[in-house]
Every structure is written in C-alpha cells, then in structure tokens.
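A.B. asks: Below are the chains, spelled out letter by letter.
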Amino acid sequence: MDALVNKRIKQVLKGDQQAFAEIVELYQHQLFQICYRMLGNRHEAEDIAQEAFTRAYVNLHTFDQQRKFSTWLYRIATNLCIDRIRKKKPDYYLDAEVRGTEGLNMYSSIANEDQLPEEELMRMEVQERVQYEISRLPDKYRAAIVLKYIEELPLAEISEILDLPLGTVKTRIHRGREALRKQLSNL
Amino acid sequence: MTTCPEEIIRFMDDYLDGDLNPEDEAVLKGYLESCSDCRKMYHELTKTIALVQSASHIQAPASFVQKTMERLPKEKKRGSAQRWFRQHPFVTAAALFILMMSAALFTSFNEDQQFAFTKQPNLQVEGETVIVPEGMVVDGDLTIRNGDLRVEGELNGDVTIVNGQYMASSGVITGEIEEIDQIFEWLWYGIKEVSKDAAAIFSSGDNEDQ
Numbered sequence: 001m002d003a004l005v006n007k008r009i010k011q012v013l014k015g016d017q018q019a020f021a022e023i024v025e026l027y028q029h030q031l032f033q034i035c036y037r038m039l040g041n042r043h044e045a046e047d048i049a050q051e052a053f054t055r056a057y058v059n060l061h062t063f064d065q066q067r068k069f070s071t072w073l074y075r076i077a078t079n080l081c082i083d084r085i086r087k088k089k090p091d092y093y094l095d096a097e098v099r100g101t102e103g104l105n106m107y108s109s110i111a112n113e114d115q116l117p118e119e120e121l122m123r124m125e126v127q128e129r130v131q132y133e134i135s136r137l138p139d140k141y142r143a144a145i146v147l148k149y150i151e152e153l154p155l156a157e158i159s160e161i162l163d164l165p166l167g168t169v170k171t172r173i174h175r176g177r178e179a180l181r182k183q184l185s186n187l
Numbered sequence: 001m002t003t004c005p006e007e008i009i010r011f012m013d014d015y016l017d018g019d020l021n022p023e024d025e026a027v028l029k030g031y032l033e034s035c036s037d038c039r040k041m042y043h044e045l046t047k048t049i050a051l052v053q054s055a056s057h058i059q060a061p062a063s064f065v066q067k068t069m070e071r072l073p074k075e076k077k078r079g080s081a082q083r084w085f086r087q088h089p090f091v092t093a094a095a096l097f098i099l100m101m102s103a104a105l106f107t108s109f110n111e112d113q114q115f116a117f118t119k120q121p122n123l124q125v126e127g128e129t130v131i132v133p134e135g136m137v138v139d140g141d142l143t144i145r146n147g148d149l150r151v152e153g154e155l156n157g158d159v160t161i162v163n164g165q166y167m168a169s170s171g172v173i174t175g176e177i178e179e180i181d182q183i184f185e186w187l188w189y190g191i192k193e194v195s196k197d198a199a200a201i202f203s204s205g206d207n208e209d210q
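Heads up: the sequence lines are chains A and B, in that order. Start counting the first sequence at 1; every next residue gets the next number (the UniProt record's numbering). Start counting the second sequence at 1; every next residue gets the next number (the UniProt record's numbering).
Looking at chain B on its own, in the form it has when it is part of the complex:
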C-alpha cells in the first residue's frame, strides 16, 4: 500500500463513494492495470464493502413496539387536559382571570395587615383609631385598614373600613359607610371596584362617542 501514490488512493476512495469524474476514473483504471499492489487493495476494499453489506438485515424483537410504548412517560392526562383547554378557550381565560384576580387580592389582603388610612387634613389618630375631631370638617373619601373610625365632627365623603369598625358616635357622615371584615368580602369589594372601573371606562367611551 505504501508504494501506491496518494492520488490514486484518493481516486479509489472517491470512486467507491461514487463521485469520481470520468477522466480521473480513466486514470485510476489505467493505473490499477499497471500496479498489482493497487489492484489488490482495490479488490480488498470492494470485498470489504460487499462483506459489510452482506451482514444480514436483522429485525427488532416482536415485542419491540409494545415495550417501547410502555416505556413512554404517561402523559395521557396532561394531553387530555390540554385538549380541553384548547377546546374551551373562553372558560380557560375566565378561570385564569379569576384565579389571578383572587391571588392578587388575597396577597394584597394579607400583605396589608398594617394600620393605614387615607391622609386627610384635620384627622386625629389615637392608637389604631382614626378620629374626626369635634367641630372639624373633613372633605373627601376615607379608607382605613386594620383600624377603627370615630367621627365626632363632620365627614363629607364615603367611608370604607377594612378589618376594623365604625364606632357609633355623634358626628355626621354624608357618604356611605362600608365595613369589610373578611377575606371574601374583601375579594367581593375588589371585584366590584374593578367592574366599576371597567364600567366607567365603557361609559366614558360612550360619552366620547356622543
């Protein structure tokens, strides 16, 4: 083999791959006739290929398909759930919306365990009680979280108390009073607020149309 020129070996390889051009093929054939080493090598290579190709084609065992299918991860349930979601996009979207809404509201409910109230002038605070002092007038809505409200003066606006109470007193409140004590009421309140906002957007849109 060492005696055979590299070019001829390259031609031989290309020829066996089936991509040698006719001129080089003629060169190769001419050379093979003159060199017995090259001829021997060529014959051995073709014989090798024939031997490898003669390797009997074997088949997979009879139970192969069944065993393979048993080995697959069981995804049937997930598959059918996905199908259901795809076939009911509106229900899915609505469910997702409600889930996220409640999650958000629930989180804000839990996070806001601290005493807080809407800052308005003239308000007094005693511990966790917000007081509208006697003879004072507070203009605007008031929201109190985790605290109580006592009105001795006058409050011109709505009152919302979360996790607290309105203590009956001699004052005057011109707006509505709403007390929210439980998570579900808080949720309900949150949803009502969102729909009010949405309604406001729609009605303002209507107004613009007119």
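Isolated chain A, as found in the complex:
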C-alpha cells in the first residue's frame, strides 16, 4: 500500500490533482473515525477530516516519502482536532495550569464539570455512552486513547503522530484509561 501511496503522491506533486482522490479514498474512513472519536460530532468530524486532507495536499511537498504517509496524515488531523477542541471549550485556564505539569489534578476537575444528570446517562445506549465518556476526556488523553484503542496503532507510531516521547504516550494512555474506568464504572 505504501508503494501505491508514494506513486500517487509523486503524481500529485507533478500537478495531477486527480491522483489525490485515490489517497483520500484510501484513508477517508480511518481519518473520519479519528476525528469523530475526538470531536464526538459527525458534522465537525467531516469538516476537520476534509481540512486535514486539504492541508496534506497543500503541504505534500514537505512530506518525506521515506516515512509512513498515514502517520503524517494522522498527525495533521489530530492537531486540527485538538485545536478545534480547545477553541470550542472555554477551559483555557485549565490548559494554562496544566502546561508542563502533565495534568495532575486536571482530569477530575473537568470530569465533574460538565457531567450529564445520572438518569440521562442511564438512558444512553452503550455505544453512545462510551463516545460521550471519550469526549469528556481531556484532549491530550483523548488523542492517545483514540489512536491506541480505536485505531489500534502501535505505541511507537502514536508517539510519532503526537510528536511525544514514548513514555509520555504511555502515561497519557494510562491516565486516559484510568479516567475512563472511573467514568464507566457504573455501566
């Protein structure tokens, strides 16, 4: 698949825009899925996934063809998702507090903040509830959890996508997992 993708990339770089359609075709579902799980909303997920493909197209000349295209593409998409999440939620004060300290107490403060009433949670379908709980995770943990458990990517690749050391990725997955465990314990 990588050989095919690199062939299409070369065609796009030569000015054949149509060759990019095949790249979109190949990655559309995975990219849409990442965006949907990150954002919890189909409409936004579509918008961000399209934006990610557009950025990939415009910056294709900067892509190093020795590397994996999907890693590069997912990185563009997760960055866009995180930007969107941060713009949407007025929780910038939490964000500022956390920088550098890797979110020690941040999770609990967020979790208690925008929780739906118990009876409403009980009415949710399991699938819906899981997505709801994922979307309540802080964005840093969310990206790691989505890439690990929904895309089922190896830790090394996640670390490349998120541009973080392997240890940090593990920490985020552990914290995200622990947070989800608490959130889903009544299910």
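It should be emphasised that the hints constitute simulated quantities derived from the structure, not laboratory data. Any given hint might turn out to be false.
[Unchecked claim] Per the computed footprint, the stretches of chain B lying under chain A, defined by three or more beta-carbons under 8 Å from a beta-carbon of chain A, are:
{"#": "1", "region": "9-23"}
{"#": "2", "region": "44-53"}
{"#": "3", "region": "133-141"}
[To be verified] Computed cross-link-like contacts, DSSO-like style, restricted to lysine-lysine with a CA-CA straight-line distance of at most 30 Å:
{"#": "4", "chain 1": "B", "residue 1": "K74", "chain 2": "A", "residue 2": "K14"}
{"#": "5", "chain 1": "B", "residue 1": "K74", "chain 2": "A", "residue 2": "K87"}
{"#": "6", "chain 1": "B", "residue 1": "K119", "chain 2": "A", "residue 2": "K14"}
{"#": "7", "chain 1": "B", "residue 1": "K74", "chain 2": "A", "residue 2": "K7"}
Cβ coordinates follow ideal geometry from the N, Cα and C atoms, glycine included.
Could you slot chain B onto chain A? The hints should help.
C.D. replies: Okay, now just chain B, sitting in the frame of chain A:
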C-alpha cells in the same frame, strides 16, 4: 484503589500495554489473586478497554471524497504550466534570459535619464552639448547619453549617442557614428554588445587554442 501498591498498578498498566516481562507478570497474577480491590480494578480496566474497542467503526459519509476534492485549492493551471516548463527547459531558460536582459536594459535605460558622456581630454561642454573644439584632437571612443554632440575639431574613434543627436559640423570623425533614440533600439544595442562580448570571449578562446 488507594490500598493497592503503586508497583502493582504499574505492572497492571504495563501488562495492559503488552510490555510486562514474565517474572513481573507472575508477581502481578499472584497479587491479583490475593487482593480483591486490585482484582476489581483490573477487571474494570479490561472492561473499559473492551467497551472502547467495541465502539462501532464508523465510516465517512458517501460524498466525502468528492467534497474533499472540491475543497482543494484549484492548482490545475499552475500544475500544467509547471509541467510545460519542465518539458521545455531550453525554451524556459531562453525566455527567462531574454526577460531578465530586457528588464535590466530597460531599467538602465530609465535610470540613465541624466546627461552623461565619456570623459576625454580636450572636450568642452555647453549645456547638454559636448563639443570637440576647433583645432583639438580627441583620441578614443565617445558615448553620450541624453546630450548632443558637435564636432569642430577631430575625433579619432566611434561615437554613440543615446537620446541625443549628432549635429552636422565641420569636424572630422574617423570612426562610426551611432544614434540611439528609442528604447527598442537601446535594447537591440545592448543585446548586440553582449553578443559581441560573447563572440570576443569565444574567439579569444580559439586564439588560445591555436
């Protein structure tokens, strides 16, 4: 959870990540059997993972590819122009050369709107007219920009007048007289000069070979 030792929680995390070594795995398993809190936590974690993984894999909308392609910046024209340039490197280089040449010449033509002439001994200047006075002899070529020339004495050399004129007079000029009044002629003159220089380089190269 607070009752469970940190080491066991670390083992649990590593185990769930799939990178716990067999000895520590044995320690973890032994501990899980003895501690019900740890066991509960472990089960909840595996259940959480299973729940997240069970989240149905959703697909992009049917029109996704088409909409994405419509959103891309239209670069077709630029693309095809680039292709053309790549396929015709010589024409591109020549066109670029001529463009730069004319730009340079045009700029120098515009910038040199001031009266100027080649400094030679025995020359006189009246307003914007250069005069070779009666009875004087000037040796060497003479170039005048934005001024006129009157020769009453003798001039041993070629004359080039840009944006000016040679006023007929009683003097003697042994070389060629060239008057350049318009931009295109100036361009032509510039190009001729360059090719003369180039020819000179080539012929001198030939001479060295011999």
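A.B. asks: Determine for every hint whether it applies to the structure shown.
C.D. replies: Okay, the hints, checked on the actual structure:
1. For the region 9-23 of chain B, the proposed coverage by chain A is satisfied: 3 residues have a C-beta within less than 8 Å of a C-beta in that chain, meeting the threshold of three.
2. Requiring three or more residues with a Cβ within less than 8 Å of a Cβ of chain A, the coverage given for the region 44-53 of chain B holds, as 8 such residues are present.
3. Check on the region 133-141 of chain B: 0 of its residues sit with their Cβ under 8 Å from a Cβ of chain A, so the three-residue criterion for coverage is violated.
4. Taking the CA atoms of K74 of chain B and K14 of chain A, the gap is near 14 Å; set against the 30 Å cutoff, the hint holds.
5. The hinted pair formed by K74 of chain B and K87 of chain A meets the criterion: a straight-line CA distance of about 29 Å does not exceed 30 Å.
6. Of the supplied pair hints, the one linking K119 of chain B and K14 of chain A is violated, its CA atoms being roughly 56 Å apart against a limit of 30 Å.
7. Restraint check for K74 of chain B and K7 of chain A: the C-alpha separation of about 21 Å stays at or below 30 Å, so the hint holds.
Violated hints, in rising order: 3 and 6; the structure is consistent with all others.
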